[in-house]
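If you want the building blocks of each chain, they are given just below.
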Amino acid sequence: MQPIDQASVQLVIDQLKDQELYIHLEMTTGAYASHNDDSKLTASTFIRNGIIRYTLGSIEGSGPFRVGLKINEGWVYSQGLTHWDESDSERLILAGHDNEGKLVVSLQLSKEPF
Amino acid sequence: MERQILVVLPHPDDECFGLSGTLAKRISEGTQVTYACLTLGEMARNMGNPVFANRVTLPQIRKLELMESCKSIGITDVRMMGYHDKTIEFEDHEAMSKRLGELITELNPSLVITFHPLYSVHPDHDATGAAVIRTLAKMPKEQRPTLHCMAFTKDCEQMLGLPDVKVDVTAFLKHKIGSIQAHRSQWQLPVDSNMVESDAMKERFGTERFWTYSFE
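Each protein sequence line maps, in turn, to chains A and B. The numbering used here numbers the first residue of the first sequence as 1 and each following residue consecutively. The numbering used here numbers the first residue of the second sequence as 1 and each following residue consecutively.
Take the hints with a grain of salt, since some may be wrong.
[Claimed, not checked] With a straight-line Cα cutoff of 20 Å, these simulated EDC-like cross-link-like pairs (lysine to aspartate or glutamate) come out:
no.	chain 1	residue 1	chain 2	residue 2
1	B	K166	B	D155
2	A	K17	B	E89
3	A	K70	B	E91
4	A	K17	B	E94
5	B	K71	B	E29
6	A	K17	A	E90
7	B	K141	B	E216
8	B	K174	B	E68
9	A	K17	A	E112
10	A	K17	A	E73
11	B	K166	B	E2
12	B	K138	B	E102
13	B	K166	B	E203
14	A	K70	B	E94
15	B	K63	B	D77
16	A	K111	A	D18
17	A	K17	A	D85
18	A	K40	A	E26
19	A	K17	B	D92
20	A	K17	B	E91
21	A	K70	B	E89
22	A	K70	B	D92
23	A	K70	A	D14
24	B	K174	B	D192
25	A	K70	B	E42
26	B	K141	B	E102
27	B	K174	B	E29
[What the hints assert, rightly or not] Quick partial rundown of chain A residues pointing at chain B, CB under 7 Å, derived from the structure:
no.	residue
28	S58
29	E60
30	G68
31	W75
32	Y77
Just so you know, the hints here were simulated from the structure itself, not pulled from any lab data. The beta-carbon is built from N, C-alpha and C at its ideal position, and this holds for glycine as well.
Make the full structure from the sequences, and use the hints.
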């Protein structure tokens with residue numbers, strides 16, 4: 001994974017619009033959040049291989065970045081994105097890592113299931 | 001005196017701390033005020049304390065809170081624009097400018113109030129300010145209303161200088177506190193309405209600040 005290059009990510013978002021895609025969308029505090037700090041709530045959530053189609057999408061901000069995808073009856077939204085996999089030309093692989101390198105959030109799109 | 005003010009903000013409650021006193025004051029002077037609220041703040045994390053809302057009920061609750069806040073201020077023309085919380089920056093620019101332009105054509109405001117597009121902390125705030133500015137920038141200079149921006153990043157005064165518009169709203173603190181307390185899912189302000197006239201309240205809430213936007 002490399003630090004996000006906003007213009008390159010925008011190109012991929014544009015290439016993937018108006019077609020059926022598999023989405024992986026995830027956020028996690030880590031399974032030990034409340035074990036490590038009583039004041040924190042351990043929470044995580046993901047959807048894997050949900051199917052979406054978006055008509056409008058962009059990556060905004062100056063880093064960490066936000067992505068919004070407008071779907072038929074709503075939105076896909078992700079905030080805190082820091083890294084992407086530039087070697088993957090078929091899919092969009094985005095993630096947000098904290099300052100220890102741990103994954104906090106991820107947004108992935110692909111024409112094939114993950 | 002302002003003839004007509006158009007307020008454009010993204011969330012119910014964006015008006016309460018920084019603007020409600022000014023609006024109540026202008027309304028008392030005879031100014032017409034229209035408030036275009038772009039979303040219902042449906043992605044907020046605050047659900048009341050103690051909790052009384054959930055993700056499903058929050059939009060309807062916040063709609064009612066917005067109406068109550070506007071009633072406290074004296075605003076009778078509220079336009080709920082139907083955008084979704086957190087998504088203003090991703091909306092199509094042309095489509096947004098068209099809708100905002102239609103409002104401006106209809107109302108012909110002498111003053112528009114929104115957030116500054118760079119120093120307003122929340123991406124929806126910045127994007128709302130940017131959308132208003134894109135819309136107004138297309139108008140001929142002589143037809144363009146004055147634009148006042150709210151800003152509140154830590155460095156906003158360093159970046160923008162001191163605000164050029166300061167409004168003394170100490171005579172309208174009841175309206176302002178009423179506006180804040182209307183948004184009870186988001187704010188729990190422990191204020192007795194009898195305390196509204198206290199020096200501490202005047203110090204904390206008595207002045208509202210705006211930066212006039214320059215299109216040059």
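A quick look at each hint next to the structure:
1. Distance check on the hinted pair: B/K166 and B/D155 sit about 18 Å apart at the alpha-carbon level, within 20 Å; holds.
2. Simply put, A/K17 and B/E89 have alpha-carbon atoms about 18 Å apart, close enough for the 20 Å limit, and the pair holds.
3. The straight-line distance between the Cα atoms of A/K70 and B/E91 is roughly 8 Å, inside the 20 Å bound, and the hint therefore holds.
4. For the given pair, A/K17 sits about 19 Å from B/E94 by alpha-carbon distance, which is consistent with the 20 Å threshold.
5. Of the supplied pair hints, the one linking B/K71 and B/E29 holds, its CA atoms being roughly 17 Å apart against a limit of 20 Å.
6. The suggested pairing of A/K17 with A/E90 holds, with an alpha-carbon distance near 13 Å, which does not exceed 20 Å.
7. Taking the CA atoms of B/K141 and B/E216, the gap is about 10 Å. The hint holds against a cut of 20 Å.
8. With a C-alpha separation of about 14 Å, the suggested pair B/K174 and B/E68 falls inside the 20 Å cut-off, and the hint holds.
9. Among the hinted pairs, A/K17 with A/E112 is consistent with the structure: their alpha-carbon atoms are about 15 Å apart, no more than 20 Å.
10. A C-alpha spacing of about 15 Å is found between A/K17 and A/E73, which places the hinted pair at or below 20 Å, so the restraint holds.
11. Between B/K166 and B/E2 the alpha-carbon distance is near 15 Å, which keeps this suggested pair within the 20 Å criterion.
12. The hinted pair formed by B/K138 and B/E102 meets the criterion: a straight-line CA distance of about 13 Å does not exceed 20 Å.
13. A hinted pair counts as satisfied when its Cα atoms are at most 20 Å apart, and B/K166 with B/E203 qualifies at roughly 14 Å.
14. For the suggested pair A/K70 and B/E94, the alpha carbons sit about 15 Å apart, so the restraint of at most 20 Å is met.
15. In summary, the hint linking B/K63 to B/D77 is supported, as the alpha carbons are separated by about 14 Å, within the 20 Å threshold.
16. A distance of roughly 12 Å separates the Cα atoms of A/K111 and A/D18; the hinted pair therefore holds under the 20 Å criterion.
17. For the hint linking A/K17 to A/D85, the alpha-carbon distance of about 19 Å falls within 20 Å, and the restraint holds.
18. Taking the CA atoms of A/K40 and A/E26, the gap is near 19 Å; set against the 20 Å cutoff, the hint holds.
19. Distance hint between A/K17 and B/D92 is fulfilled; the C-alpha atoms sit about 14 Å from each other, no more than 20 Å.
20. Pair hint A/K17 plus B/E91 holds up; C-alpha atoms about 15 Å apart against a cutoff of 20 Å.
21. Only pairs whose Cα atoms come within 20 Å are accepted, and A/K70 paired with B/E89 is accepted, the gap being roughly 12 Å.
22. Distance check on the hinted pair: A/K70 and B/D92 sit about 10 Å apart at the alpha-carbon level, within 20 Å; holds.
23. Pair hint A/K70 plus A/D14 holds up; C-alpha atoms about 12 Å apart against a cutoff of 20 Å.
24. Restraint check for B/K174 and B/D192: the C-alpha separation of about 10 Å stays at or below 20 Å, so the hint holds.
25. Annotation: proposed proximity of A/K70 to B/E42 holds, straight-line Cα distance about 16 Å (limit 20 Å).
26. This hinted pair checks out: B/K141 and B/E102 have alpha carbons roughly 18 Å apart, not beyond 20 Å.
27. Restraint check: the Cα-Cα separation between B/K174 and B/E29 comes to about 17 Å, which is no more than 20 Å; the hinted pair holds.
28. Hint status for A/S58 relative to chain B: holds, with the closest Cβ pair at about 5 Å, below 7 Å.
29. The criterion of a C-beta within 7 Å of any C-beta in chain B is met by A/E60, whose closest approach is roughly 5 Å, and the hint holds.
30. Against a cut-off of 7 Å between C-beta atoms, the interface hint on A/G68 holds, since the closest Cβ of chain B lies about 3 Å away.
31. The interface hint given for A/W75 holds, since its Cβ lies 5 Å from the closest Cβ of chain B, which is under the 7 Å cut-off.
32. Interface hint at A/Y77: satisfied, since its Cβ lies 6 Å from the closest Cβ of chain B, which is below the 7 Å cut-off.
When each numbered hint is compared with the structure, no violation occurs for any of them.
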